[in-house]
Amino acid sequence: MPKIDNMLAILWMLRSGKKVTAQQISEKLEMNIRTVYRYIDTISTSGVPIVSEPGHNGGYSLLNHFVEAPLFFDFEEQTSLFHAAVFAEEAGYYGGEALDRALSKLSHHSNQEQETKVNQHVTSLEVISGIRSSSIEPFLKELEQAVADGYSVNILYYKSGEKPLSERLVDPYRMIYWNNKWYVIGYCHLRNDIRSFRVDRMERLMLTENTFNRPENFSARDFFVKNLLPTIKDMDGIISLVLHGDKSALDDICHHWFLGHYLQERTSNQAVFLLEKEIIHTYVPYLLLPYNTSIKVMEPISLKKRMIEVLTELIEFHQV
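Reminder that position 65 of the sequence shown reads as 64 in numbering that gives the first Met the number 0, one-by-one numbering, no gaps.
Derived by calculation from the structure, the hints in this document are not laboratory data.
One or more of the hints may lead you astray.
[To be verified] Keeping only pairs whose Cα atoms sit at most 35 Å apart, straight-line, the calculated DSBU-like set for lysine-lysine is: (1) K276 x K225; (2) K116 x K140; (3) K27 x K2.
[Claimed, not checked] Each pair of labels, with its calculated beta carbon distance range: (4) N56 x N118: 26 to 36 Å; (5) H82 x E315: 41 to 51 Å; (6) S15 x N191: 34 to 44 Å; (7) G259 x S15: 24 to 34 Å; (8) E143 x S239: 27 to 37 Å; (9) K303 x S218: 53 to 63 Å; (10) L206 x S239: 43 to 53 Å; (11) L124 x R197: 27 to 37 Å; (12) E277 x T115: 57 to 67 Å; (13) E215 x E315: 53 to 63 Å; (14) R100 x P137: 42 to 52 Å; (15) A83 x P137: 19 to 29 Å.
Even glycine gets a Cβ: it sits at the ideal position worked out from N, Cα and C.
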């Protein structure tokens, strides 16, 4: 039996929660008792907390908290962990090194057949996202620690296109990853209100010794979506956008991060949205033009006219 298999077998015996003697391990695994001692030393050196009790009723055992740890994963669990690591890396998640160590341990404790099978599934999946910036990774690590421990942070921050930088004291409630960008949601002491901050717009971040209490039942997701896509409260100026077209094209539009929020009705070949008139005439033409003839505007008529105007402007602009 290979060395790694022997050590795993010893761990299995120790996980029983009962004391196991070197003699019992030797007899069970049919190995020399000196080899058992050598394996026990190797396992202990790797960081496994093995307790050794001498005497007549002594033996080896594991610390209670380690007995409950998931020492072994089945094939599906291993594959899921590798897949999660792929997504985390593409999201710019700062835990790259820790993930690499964890995955290395999984690979180390797999036999050749298991490793080959897992690799076949892992290499079948790729994640393509936007350009990732490694410069924000230290900020992500600091923010995660601040959120978990409840410490305020000092940040040097700028809004889109705005200078100079402003210094903010923020109580970070949650971190959010949306649309290939990282955000932190928290209480801004400068504005005396809950705000969201893009991590890639932070020039500096420092942990403070100030502690805070997060509001009970606070939902960063609800706050973020509400501020990103406000709900319609006043129906004045709200009109229907009715689109007719191919099912696949309508599916794509209905799942659009912006238009999908205002979807009211949907059939196989028609979708109805409620939007402000200004938004329909300003932004919607540019969202619909890439769909060419697969989408037809039924209402409002003014949008059809506006799309013709946009197309005319584009033609005139690009004419040689």
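Open item on the list: Tell me the hint numbers this structure goes against, listed in increasing order.
Closed with: 4, 6, 7, 8, 9 and 14
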